[in-house]
Amino acid sequence: TIWSIGCPYKCSFCANTKFIENDKNYRKLRHPSVDYIIAEVKEVLKKHPHFSSVSFQDDSFMAIPKVTLKEFAEKWKAEIDIPFFVVGVIPSFVKKEKIEILVWGGMKRVRMGIQSGSDQVLEFYDRPNKPGLIPHATSILAEYKEYMIPPDYDLIIDNPVETRGDIADTLNLLYSMKRPFNLNVFALRAIPNTELANDLMQRGVDIEDIKTSYLIAAPTFANCMIYLLTVFRPPKRIFNYLLQYAKPFTEEQTLFPMVFFFSRALWMLKRAYYHVKFLDFSVFPGRVGWLFYHSGISKLFNKQEPPSAWNPQ
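Sequential numbering from 304 applies to the sequence shown in the numbering used here.
Incorrect hints may appear among the rest.
To be verified - 27 Å max Cα-Cα, derived DSS-like pairs, lysine-lysine:
id: 1; residue 1: K313; residue 2: K514
id: 2; residue 1: K313; residue 2: K399
id: 3; residue 1: K369; residue 2: K399
id: 4; residue 1: K539; residue 2: K433
id: 5; residue 1: K313; residue 2: K327
id: 6; residue 1: K433; residue 2: K399
id: 7; residue 1: K573; residue 2: K539
id: 8; residue 1: K481; residue 2: K539
id: 9; residue 1: K380; residue 2: K448
id: 10; residue 1: K580; residue 2: K399
id: 11; residue 1: K380; residue 2: K327
id: 12; residue 1: K369; residue 2: K327
id: 13; residue 1: K399; residue 2: K481
id: 14; residue 1: K514; residue 2: K398
id: 15; residue 1: K349; residue 2: K313
id: 16; residue 1: K380; residue 2: K433
id: 17; residue 1: K331; residue 2: K448
Claimed, not checked - What follows is a list of derived Cβ distance ranges for each label pair:
id: 18; residue 1: K369; residue 2: P434; range: 34 to 40 Å
id: 19; residue 1: E426; residue 2: K349; range: 34 to 40 Å
id: 20; residue 1: L572; residue 2: N501; range: 38 to 44 Å
Since the hints were derived computationally from the structure, they do not count as laboratory data. For clarity, every value in this text was computed on a predicted model and none was experimentally measured. Glycine included, each C-beta is placed from N, C-alpha and C at the ideal position.
Construct the entire structure; sequences and hints are all you get.
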(Lines of atoms letter the chains of each structure in order from A and count residues from 1; the text may use other names and numbers.)
(Lines give C-alpha, C1' and ligand atoms only; values in the text may rest on other atoms or scores of the structure.)
Protein backbone atom coordinates (compact mmCIF):
# COMPACT_ATOMS: atom_id res chain seq x y z
CA THR A 1 0.00 0.00 0.00
CA ILE A 2 0.95 3.68 -0.07
CA TRP A 3 0.34 6.02 2.85
CA SER A 4 2.17 9.16 1.72
CA ILE A 5 2.94 10.74 -1.65
CA GLY A 6 5.53 13.31 -2.67
CA CYS A 7 9.29 13.44 -2.32
CA PRO A 8 11.37 16.49 -1.35
CA TYR A 9 14.22 15.41 -3.61
CA LYS A 10 14.66 15.30 -7.35
CA CYS A 11 17.01 12.44 -8.21
CA SER A 12 17.66 12.46 -11.95
CA PHE A 13 16.97 8.73 -12.47
CA CYS A 14 13.56 8.85 -10.78
CA ALA A 15 10.23 9.20 -12.56
CA ASN A 16 9.28 11.73 -9.89
CA THR A 17 11.31 14.32 -11.81
CA LYS A 18 8.57 14.33 -14.45
CA PHE A 19 5.85 14.69 -11.82
CA ILE A 20 7.74 17.60 -10.26
CA GLU A 21 8.16 19.21 -13.67
CA ASN A 22 4.39 19.06 -14.12
CA ASP A 23 3.61 20.20 -10.57
CA LYS A 24 6.24 21.64 -8.21
CA ASN A 25 3.97 20.87 -5.27
CA TYR A 26 4.70 17.17 -5.81
CA ARG A 27 7.84 17.72 -3.72
CA LYS A 28 5.63 18.36 -0.69
CA LEU A 29 5.05 15.32 1.46
CA ARG A 30 1.38 14.72 2.21
CA HIS A 31 -0.63 11.86 3.62
CA PRO A 32 -4.02 11.07 5.17
CA SER A 33 -4.41 10.49 8.89
CA VAL A 34 -3.07 7.52 10.82
CA ASP A 35 -6.64 6.37 11.43
CA TYR A 36 -7.25 6.38 7.66
CA ILE A 37 -4.35 4.05 6.82
CA ILE A 38 -5.14 1.78 9.78
CA ALA A 39 -8.76 1.52 8.61
CA GLU A 40 -7.61 0.76 5.06
CA VAL A 41 -5.43 -2.14 6.21
CA LYS A 42 -8.20 -3.45 8.46
CA GLU A 43 -10.58 -3.49 5.51
CA VAL A 44 -8.09 -5.48 3.44
CA LEU A 45 -7.54 -7.97 6.27
CA LYS A 46 -11.29 -8.54 6.51
CA LYS A 47 -11.33 -9.67 2.88
CA HIS A 48 -7.93 -11.39 2.95
CA PRO A 49 -7.27 -12.58 6.52
CA HIS A 50 -4.34 -14.75 5.37
CA PHE A 51 -2.22 -11.64 4.63
CA SER A 52 0.68 -11.81 7.03
CA SER A 53 2.60 -8.62 6.22
CA VAL A 54 2.13 -5.19 4.64
CA SER A 55 4.57 -3.37 2.34
CA PHE A 56 4.57 0.44 2.30
CA GLN A 57 5.73 1.62 -1.13
CA ASP A 58 5.96 5.33 -0.26
CA ASP A 59 8.77 7.34 -1.84
CA SER A 60 9.88 8.91 1.44
CA PHE A 61 8.16 7.19 4.35
CA MET A 62 10.86 8.25 6.84
CA ALA A 63 10.20 11.92 6.07
CA ILE A 64 6.88 11.63 7.91
CA PRO A 65 7.17 13.59 11.20
CA LYS A 66 8.19 11.63 14.29
CA VAL A 67 5.03 12.50 16.21
CA THR A 68 2.92 11.00 13.41
CA LEU A 69 5.09 7.88 13.26
CA LYS A 70 4.61 7.46 17.03
CA GLU A 71 0.85 7.52 16.62
CA PHE A 72 1.12 5.11 13.70
CA ALA A 73 3.31 2.64 15.62
CA GLU A 74 1.02 2.64 18.65
CA LYS A 75 -2.14 2.06 16.63
CA TRP A 76 -0.54 -0.45 14.28
CA LYS A 77 0.69 -2.55 17.19
CA ALA A 78 -2.63 -2.34 19.04
CA GLU A 79 -5.01 -2.81 16.10
CA ILE A 80 -3.12 -4.58 13.27
CA ASP A 81 -0.12 -6.34 14.85
CA ILE A 82 1.42 -7.93 11.77
CA PRO A 83 4.88 -7.20 10.31
CA PHE A 84 5.29 -4.32 7.88
CA PHE A 85 8.00 -3.43 5.37
CA VAL A 86 9.05 0.12 4.47
CA VAL A 87 10.47 0.77 1.00
CA GLY A 88 10.75 4.56 1.04
CA VAL A 89 13.88 5.05 3.10
CA ILE A 90 16.19 7.92 2.14
CA PRO A 91 19.52 8.09 4.05
CA SER A 92 19.10 11.73 5.08
CA PHE A 93 15.83 10.89 6.90
CA VAL A 94 17.16 7.92 8.86
CA LYS A 95 17.00 8.89 12.52
CA LYS A 96 17.52 6.50 15.41
CA GLU A 97 14.37 7.69 17.20
CA LYS A 98 12.18 7.05 14.14
CA ILE A 99 13.65 3.62 13.44
CA GLU A 100 13.24 2.57 17.07
CA ILE A 101 9.60 3.68 17.09
CA LEU A 102 8.82 1.76 13.90
CA VAL A 103 10.67 -1.40 14.94
CA TRP A 104 8.71 -1.36 18.20
CA GLY A 105 5.52 -1.01 16.17
CA GLY A 106 6.25 -4.00 13.93
CA MET A 107 8.63 -2.94 11.15
CA LYS A 108 10.58 -6.04 10.15
CA ARG A 109 12.26 -4.96 6.93
CA VAL A 110 13.48 -1.78 5.24
CA ARG A 111 14.82 -0.86 1.83
CA MET A 112 17.05 2.17 1.34
CA GLY A 113 18.70 3.62 -1.75
CA ILE A 114 22.44 4.23 -1.57
CA GLN A 115 22.96 4.02 -5.37
CA SER A 116 26.74 4.58 -5.24
CA GLY A 117 29.63 5.10 -2.85
CA SER A 118 31.05 7.87 -5.03
CA ASP A 119 30.26 11.50 -4.24
CA GLN A 120 30.84 12.32 -7.90
CA VAL A 121 28.29 9.76 -9.11
CA LEU A 122 25.74 10.80 -6.48
CA GLU A 123 26.14 14.37 -7.70
CA PHE A 124 25.56 13.10 -11.25
CA TYR A 125 22.28 11.60 -10.02
CA ASP A 126 21.37 14.83 -8.13
CA ARG A 127 21.19 12.58 -5.10
CA PRO A 128 21.13 14.31 -1.68
CA ASN A 129 24.41 13.53 0.04
CA LYS A 130 27.01 14.77 2.47
CA PRO A 131 30.21 13.19 3.82
CA GLY A 132 29.44 10.25 6.08
CA LEU A 133 25.69 10.27 5.41
CA ILE A 134 25.37 6.72 4.07
CA PRO A 135 27.70 5.10 6.66
CA HIS A 136 25.77 6.89 9.40
CA ALA A 137 22.37 5.74 8.10
CA THR A 138 23.50 2.14 7.57
CA SER A 139 25.06 1.99 11.04
CA ILE A 140 21.73 3.03 12.59
CA LEU A 141 19.82 0.35 10.69
CA ALA A 142 22.42 -2.27 11.67
CA GLU A 143 21.61 -1.72 15.35
CA TYR A 144 18.28 -3.52 14.89
CA LYS A 145 19.55 -6.72 13.28
CA GLU A 146 18.01 -8.86 16.03
CA TYR A 147 14.52 -7.64 15.19
CA MET A 148 14.59 -7.15 11.41
CA ILE A 149 15.61 -8.91 8.24
CA PRO A 150 18.95 -7.35 7.18
CA PRO A 151 18.20 -4.07 5.38
CA ASP A 152 18.08 -4.00 1.59
CA TYR A 153 20.23 -1.32 -0.05
CA ASP A 154 19.66 -0.32 -3.68
CA LEU A 155 22.79 0.05 -5.78
CA ILE A 156 23.11 1.20 -9.40
CA ILE A 157 25.89 -0.37 -11.47
CA ASP A 158 27.11 -0.25 -15.08
CA ASN A 159 27.02 3.53 -15.24
CA PRO A 160 29.02 4.71 -18.30
CA VAL A 161 30.20 7.91 -16.57
CA GLU A 162 31.86 6.03 -13.68
CA THR A 163 35.64 6.07 -13.37
CA ARG A 164 37.95 3.63 -11.62
CA GLY A 165 37.91 5.95 -8.65
CA ASP A 166 34.12 5.85 -8.51
CA ILE A 167 34.13 2.05 -8.61
CA ALA A 168 36.72 1.95 -5.83
CA ASP A 169 34.65 4.35 -3.71
CA THR A 170 31.59 2.12 -4.02
CA LEU A 171 33.51 -1.05 -3.18
CA ASN A 172 35.18 0.63 -0.21
CA LEU A 173 31.79 1.75 1.06
CA LEU A 174 30.38 -1.78 0.83
CA TYR A 175 33.48 -3.16 2.53
CA SER A 176 33.20 -0.77 5.47
CA MET A 177 29.42 -0.89 6.04
CA LYS A 178 28.14 -2.61 9.16
CA ARG A 179 26.73 -6.06 8.57
CA PRO A 180 24.54 -7.90 7.83
CA PHE A 181 22.89 -6.28 4.81
CA ASN A 182 21.46 -7.24 1.44
CA LEU A 183 21.83 -5.46 -1.88
CA ASN A 184 19.35 -4.86 -4.67
CA VAL A 185 21.72 -4.46 -7.61
CA PHE A 186 20.39 -2.71 -10.71
CA ALA A 187 22.14 -1.99 -14.00
CA LEU A 188 21.58 1.62 -15.05
CA ARG A 189 18.52 2.20 -17.23
CA ALA A 190 17.05 5.60 -18.07
CA ILE A 191 13.31 6.18 -17.90
CA PRO A 192 12.38 8.24 -21.00
CA ASN A 193 11.96 12.00 -20.45
CA THR A 194 13.63 11.97 -17.03
CA GLU A 195 16.54 14.29 -16.30
CA LEU A 196 18.89 11.30 -16.42
CA ALA A 197 17.76 10.37 -19.93
CA ASN A 198 18.20 13.96 -21.11
CA ASP A 199 21.61 14.25 -19.45
CA LEU A 200 22.90 11.06 -21.07
CA MET A 201 21.60 12.21 -24.45
CA GLN A 202 23.44 15.53 -24.11
CA ARG A 203 26.63 13.67 -23.23
CA GLY A 204 26.20 11.41 -26.24
CA VAL A 205 26.25 8.34 -24.00
CA ASP A 206 24.31 5.22 -24.91
CA ILE A 207 23.04 2.69 -22.39
CA GLU A 208 20.78 -0.33 -22.64
CA ASP A 209 17.18 0.42 -23.56
CA ILE A 210 14.66 0.71 -20.73
CA LYS A 211 12.99 -2.45 -22.09
CA THR A 212 16.11 -4.42 -21.18
CA SER A 213 15.92 -5.91 -17.70
CA TYR A 214 17.90 -3.90 -15.17
CA LEU A 215 18.82 -7.21 -13.52
CA ILE A 216 21.09 -8.02 -16.47
CA ALA A 217 24.56 -6.71 -15.65
CA ALA A 218 28.01 -7.00 -17.18
CA PRO A 219 30.05 -9.87 -15.64
CA THR A 220 32.95 -7.58 -14.77
CA PHE A 221 35.31 -8.24 -11.89
CA ALA A 222 33.96 -5.15 -10.11
CA ASN A 223 30.40 -6.47 -10.27
CA CYS A 224 31.57 -9.86 -9.00
CA MET A 225 33.13 -8.08 -6.02
CA ILE A 226 29.91 -6.18 -5.33
CA TYR A 227 27.92 -9.40 -4.99
CA LEU A 228 30.61 -11.17 -2.98
CA LEU A 229 30.91 -8.27 -0.52
CA THR A 230 27.29 -8.80 0.48
CA VAL A 231 28.18 -12.34 1.56
CA PHE A 232 31.52 -11.91 3.32
CA ARG A 233 34.25 -9.38 4.04
CA PRO A 234 37.76 -10.60 3.14
CA PRO A 235 40.85 -9.45 5.02
CA LYS A 236 41.72 -5.85 4.19
CA ARG A 237 44.99 -6.75 2.49
CA ILE A 238 43.27 -9.17 0.13
CA PHE A 239 40.51 -6.66 -0.57
CA ASN A 240 43.01 -3.93 -1.45
CA TYR A 241 44.83 -6.34 -3.77
CA LEU A 242 41.60 -7.28 -5.58
CA LEU A 243 40.54 -3.64 -5.80
CA GLN A 244 43.20 -2.88 -8.40
CA TYR A 245 41.41 -5.17 -10.87
CA ALA A 246 38.03 -3.44 -10.50
CA LYS A 247 37.32 -1.38 -13.61
CA PRO A 248 34.28 0.46 -15.03
CA PHE A 249 32.26 -1.74 -17.35
CA THR A 250 33.04 0.59 -20.28
CA GLU A 251 36.78 -0.20 -20.09
CA GLU A 252 38.20 -3.07 -22.09
CA GLN A 253 38.75 -5.94 -19.68
CA THR A 254 38.52 -9.67 -19.13
CA LEU A 255 35.01 -10.74 -18.20
CA PHE A 256 34.24 -13.43 -15.63
CA PRO A 257 30.80 -14.94 -16.40
CA MET A 258 31.34 -18.05 -14.25
CA VAL A 259 32.61 -16.07 -11.26
CA PHE A 260 29.72 -13.66 -11.75
CA PHE A 261 27.23 -16.55 -11.76
CA PHE A 262 28.79 -18.02 -8.62
CA SER A 263 28.85 -14.69 -6.77
CA ARG A 264 25.20 -14.02 -7.65
CA ALA A 265 24.26 -17.53 -6.50
CA LEU A 266 25.89 -16.92 -3.11
CA TRP A 267 24.12 -13.56 -2.87
CA MET A 268 20.75 -15.19 -3.58
CA LEU A 269 21.36 -17.99 -1.08
CA LYS A 270 22.19 -15.48 1.62
CA ARG A 271 19.01 -13.53 0.92
CA ALA A 272 16.97 -16.73 1.02
CA TYR A 273 18.57 -17.75 4.32
CA TYR A 274 17.57 -14.54 6.10
CA HIS A 275 14.04 -14.58 4.73
CA VAL A 276 13.59 -18.16 5.94
CA LYS A 277 15.18 -17.31 9.29
CA PHE A 278 12.71 -14.47 9.84
CA LEU A 279 9.76 -16.39 8.34
CA ASP A 280 9.22 -13.90 5.52
CA PHE A 281 8.20 -15.52 2.25
CA SER A 282 6.77 -12.49 0.48
CA VAL A 283 9.67 -12.37 -2.00
CA PHE A 284 9.76 -16.09 -2.79
CA PRO A 285 8.67 -16.82 -6.38
CA GLY A 286 6.43 -19.55 -7.67
CA ARG A 287 3.92 -21.85 -6.02
CA VAL A 288 6.06 -22.56 -2.95
CA GLY A 289 6.37 -18.86 -2.14
CA TRP A 290 2.64 -18.39 -2.67
CA LEU A 291 1.78 -21.24 -0.30
CA PHE A 292 4.12 -20.02 2.45
CA TYR A 293 2.92 -16.44 2.12
CA HIS A 294 -0.75 -17.43 2.31
CA SER A 295 -0.13 -19.73 5.28
CA GLY A 296 0.23 -16.73 7.59
CA ILE A 297 3.43 -18.18 9.06
CA SER A 298 5.13 -14.75 8.94
CA LYS A 299 2.87 -13.64 11.78
CA LEU A 300 4.88 -15.87 14.12
CA PHE A 301 7.94 -13.66 13.65
CA ASN A 302 6.02 -10.71 15.02
CA LYS A 303 5.93 -12.46 18.39
CA GLN A 304 9.61 -11.60 18.86
CA GLU A 305 9.14 -8.44 20.89
CA PRO A 306 11.70 -5.62 20.96
CA PRO A 307 12.58 -4.15 24.38
CA SER A 308 9.64 -2.55 26.18
CA ALA A 309 11.87 0.48 26.82
CA TRP A 310 11.33 1.39 23.15
CA ASN A 311 7.64 2.05 23.80
CA PRO A 312 7.08 5.53 22.33
CA GLN A 313 4.77 6.34 25.24
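Status of the hints after comparison with the structure:
1. K313 with K514: Since the Cα atoms of K313 and K514 sit roughly 23 Å apart, the hinted pair holds (cutoff 27 Å).
2. K313 with K399: Holds, at roughly 25 Å.
3. K369 with K399: holds, 11 Å
4. K539 with K433: holds, 25 Å
5. K313 with K327: At roughly 11 Å apart (the allowed maximum being 27 Å), K327 and K313 satisfy the hint.
6. K433 with K399: holds, 18 Å
7. K573 with K539: holds, 22 Å
8. K481 with K539: Distance ~15 Å between K481 and K539 Cα, so the pair holds.
9. K380 with K448: holds, 20 Å
10. K580 with K399: Holds, because 25 Å separates the two Cα atoms, which is no more than 27 Å.
11. K380 with K327: It is violated: about 36 Å lies between the C-alpha atoms, which goes past 27 Å.
12. K369 with K327: Holds, at roughly 25 Å.
13. K399 with K481: holds, 15 Å
14. K514 with K398: violated, 37 Å
15. K349 with K313: violated, 38 Å
16. K380 with K433: violated, 35 Å
17. K331 with K448: violated, 32 Å
18. K369 with P434: 34 to 40 Å: violated, 25 Å
19. E426 with K349: 34 to 40 Å: violated, 48 Å
20. L572 with N501: 38 to 44 Å: Given about 40 Å between the Cβ atoms, the range holds.
Taken one by one, the earlier hints fail for this structure at numbers 11, 14, 15, 16, 17, 18 and 19, listed in ascending order.
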